[in-house]
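S.K.: This is what each chain is made of:
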Amino acid sequence: MSDDKNEKKVHGIVAEYTSVDSLLVACRRIRDAGYTKTDAFTPFAVHGIDEALGIKPTFLPWIALGGGVAGLVTALLMQIWMNGINYPYIISGKPYISLPAFMPVAFELTILFASFGAFFGMWALNGLPRFSNPIFTDPRFDRATDDRFFLYIDAKDKSFDQAGAEKLLGETGTEYINTVVDDDSSTTVPKFLLTTLIAVIAISFIPALVVARMRVTTSSKPRFHIFPDMDFSPARDAQQTTSLFADSRAMRPDVPGTVARGEMEENLDFLTGIQMELLSSVDADRAERLVRTYAQEGEPSEKASDQGAEPAKSVMDTTPWLEQNPIKITEAFVQQGQLQFNIYCSTCHGMDGRGNGLVNNRAQQIMASSWIPPASMHQQSLYAEQYPDGKLFSTISNGIRKMPGYAGQIKTRDRWAIVAYVRALQQSQNASLDLVPENQRAEIKAEQARVEKKLAEQAEAERKKEAE
Amino acid sequence: MSKHAPAIKPADDPAFQLPSKLSALSIPLCAGGLFALIAGWAIGNWGVDSHFSMSAYLTAFIYCLTIALGALFFVLIQHLSRAGWSVVVRRVAELIMLMLVPLAVLFIPIVVSLWTGEGTIYKWDDPAFAEHHHIPAAVWENKTLYLEPNFFAARAVIYFVIWIGLAVYFFRSSVTQDETGEKRITERMQKWSAPALILLSLSMSFAMFDWVMSLAPMWFSTMFGVYLFSGGILSAHCAIAAGTYLLQKTGAMRDEVTVEHYHDLGKYIFGFVFFWIYIAFSQYLLIWYGAIPEETIWFYHRQLGIWGVLSLVLVFFHWILPFIGTMSRHVRRRPTLVFGWSVYILVLHFVDVYWCVMPEVYEGPGGGLDAAGGVPGIASSLLSAAGMVALMLGMILTIAGQTRIAASRDPRFGESLAFENI
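So the protein sequences, as listed, match chains A and B. Going by full-length UniProt numbering, 186 is the number at position 186 of the first sequence; the sequence numbering is gapless. Going by full-length UniProt numbering, 303 is the number at position 303 of the second sequence; the sequence numbering is gapless.
Quick caveat, the hints were computed from the structure, so don't treat them as lab data. Among the hints, erroneous ones may be present.
The following label-pair restraints were derived from C-beta to C-beta distances [stated by the list, open to error]:
1. B/I198 to A/R223: 54 to 62 Å
2. B/I158 to A/S92: 39 to 47 Å
3. A/S92 to B/K21: 56 to 64 Å
4. B/I198 to A/V69: 37 to 45 Å
5. B/G308 to A/E468: 55 to 63 Å
6. B/Q303 to A/M78: 44 to 52 Å
7. B/F316 to A/K156: 32 to 40 Å
8. B/P14 to A/V69: 42 to 50 Å
9. B/I198 to A/I55: 53 to 61 Å
10. A/V189 to B/E415: 51 to 59 Å
11. B/G271 to A/S92: 29 to 37 Å
Glycine is no exception: its CB is placed at the ideal position from the N, C-alpha and C atoms.
Model the full structure from these sequences, guided by the hints.
M.R.: Printed below as a string of structure tokens:
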């Protein structure tokens, strides 16, 4: 290197042309002369220049295709892993691995990765990013973006020899040939730049350190708000004045005719399913608490107000529940109950109340580990004698075990209607024949005989099968 | 430019005339097509029933109609975007779009069927339909406000007035330019292409709602018009490529249409294969995850028996296979391969239309081959389609014989000749 000090390293040769046609002719000349590491610079896209220079079709489409396929596979595997394996979660009753739902993301990632492939592949193939190119040192080269055409032969070309290349280019009708030499300016970074850089990095640590220190220390000064967020609300507090209304009161009186929460006219027995009179004699504290909370907030979850007072089980057993539905049972009322039951309850408890609803079936099918099967309405312990109407009502309102409370979704009256319907359901499963109108008894008997016969036949067939 | 573009030939050059080999085919095609159409109808009518034969006829009709509309769309888009590359192949598209005129005549049997027999094609035409399917009276009343024979016929007239108006206007302007070579005509066509596109898109979507979607009167999908349109525009590109190839093979426009034009048509075909599945899937996905019974019923019918097989055929052979097949630039730069894929997709587009129409012919889930009408049913469907296509081809050739097959005096003709893909 030392003896080359005065003689700069040749990077290549550039020739200038005034028209596209002369450039294309020159391109073909040097292509036919065997040069491959060549390039042309034009102010606009020139059709056929690839062929004239002998540039092979780009490899880029394959990179884009690879990117696209990678995106597709990534998206599918990601979604299968996330939703099907790592965190199985039922969405809209669809299977865990449900391809139609995965398609949009798969499509988007295919496009994204293919675009990345094309974009960064183009960078890689062009050797970008590159901060400078020795060819830019020639002032005449600026006109490559304006009205001149340039042809460049790289010195790294296998068949490159400077004199020959210059001669060849000279024959192509160029007006100007220049040797492109390596940039000889020093490659060492100036000291002041390094110093500044280090200083900037050092200074940038200060805010982070200040924040870090603040996070672990206490201070008697008020908080420093860079982003106030919602710390300072323009909303008025109670008892403050305002200029917004004529009477200067920030607190507005009730609109006439409003029924405020807690001022409902229904009695507490109806709202809680508990005989409050009796409760106050058994457990005065709890009765008082219930009265107070209902007076204030309407219908709170009793569980919440009860927490820590007594173990839950004994409360359920000791509470004097209402024995009877406080609403008169009519056909319309039971039908209303059926409607509500089918909407809210049947998903788990099943249309017939046997605990075989769709959600339960699905949970059994996928063997969901945390699933507690819903109770059948037809077990002895849920009949009216053991499970008073008020208790059933309270269960619907406040939930039990995994079942959430439905007080928020179902109106009080409708909850009582459901209670009535559940009683009807229970009766329907144990109805004796004399409950049926007389004219229909024969029909039911015939049906019964038919089913019994069929069952007997089945049993017979099974026995035979076993014997074989 | 590397290769000098060929000089523009004089307008009366034989290169712009329909080759005699093709013009000789026009009468046989028309006659044979008409015969096949009638034979197809007859086989369907007596082999299966009148409901079936008319549905097979409707399938063939919608198949040709979507391609003609796609061609009209192509012409409008080229004007709207002031495209230079497409001028040499535009006349082929213009000839295809002109088929909207005979198609209007062929639509008459479909309208007439509304009055001759209740529910011959459209079930909503049958007064007993609502009762039969336990549709509440209020719902049915709302449906029949729109689906009513007189209103239906009136809408059909409006659609055809719009389409024929546009097709004839753009065709005649282009043909006039062959004589005068005026640049003003091109400018006028450009000006009108934007409102024309809006009219076309809306009328086409509504027509597809009316004529195909209402086969299942209780089902609705706002994507449906776009769905059939996407298949139609795809097929129109295929038809243009195939038509151009046939013209070149028989000796016309040898120098004018180059690999570059096939390459561009191939790009369009590739893109619209994906557009088609994109629209088809969009429609399917929304209905699938909504899982509302009245919406899923349409796809449910198409998941059972032979229709389920056909659905899979569409996914694999209308999308995946041509998508991979036309992806490569090397395929698109070989006219023979572009022609092959075009014919292939045109066949699959028929399957697509068939899949939309025919499962509605039978009530309830379909079984095996019987659901498609058995052997006479399939023969009827194929003959109807072949007859309709042959009839259309014959008419295209008749018209093409009387005009030129390239808009050779379009101001951008030179640009189109010299066009090269980068």
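S.K.: Now tell me, hint by hint, if it's right for this structure.
M.R.: Comparing the hints with the structure gives:
Checked against the hint of 54 to 62 Å, the pair B/I198 and A/R223 passes, with Cβ atoms roughly 58 Å apart. For B/I158 and A/S92, the hinted distance range of 39 to 47 Å is satisfied, since their beta carbons lie about 41 Å from each other. Separated by about 59 Å at the C-beta atoms, A/S92 and B/K21 satisfy the suggested range of 56 to 64 Å. Range check, B/I198 to A/V69: about 39 Å between beta-carbon atoms, so the 37 to 45 Å window is met.
About 39 Å separates the C-beta atoms of B/G308 and A/E468, a value inconsistent with the hinted range of 55 to 63 Å. Taking 44 to 52 Å as the suggested C-beta distance range, the pair B/Q303 and A/M78 does not conform, at roughly 28 Å. Roughly 49 Å separates the CB atoms of B/F316 and A/K156, a value that falls outside the hinted 32 to 40 Å. For the pair B/P14 and A/V69, the supplied restraint of 42 to 50 Å holds, since their beta-carbon distance comes to about 49 Å.
Checked against the hint of 53 to 61 Å, the C-beta distance between B/I198 and A/I55 comes to roughly 44 Å, which is inconsistent with it. Distance hint for A/V189 and B/E415: a CB-CB separation of about 52 Å, consistent with the stated range 51 to 59 Å. Between B/G271 and A/S92 the beta carbon distance is about 32 Å. The supplied range of 29 to 37 Å therefore holds.
Checked against the numbered hints listed earlier, the structure breaks hints 5, 6, 7, 9; every other hint is satisfied.
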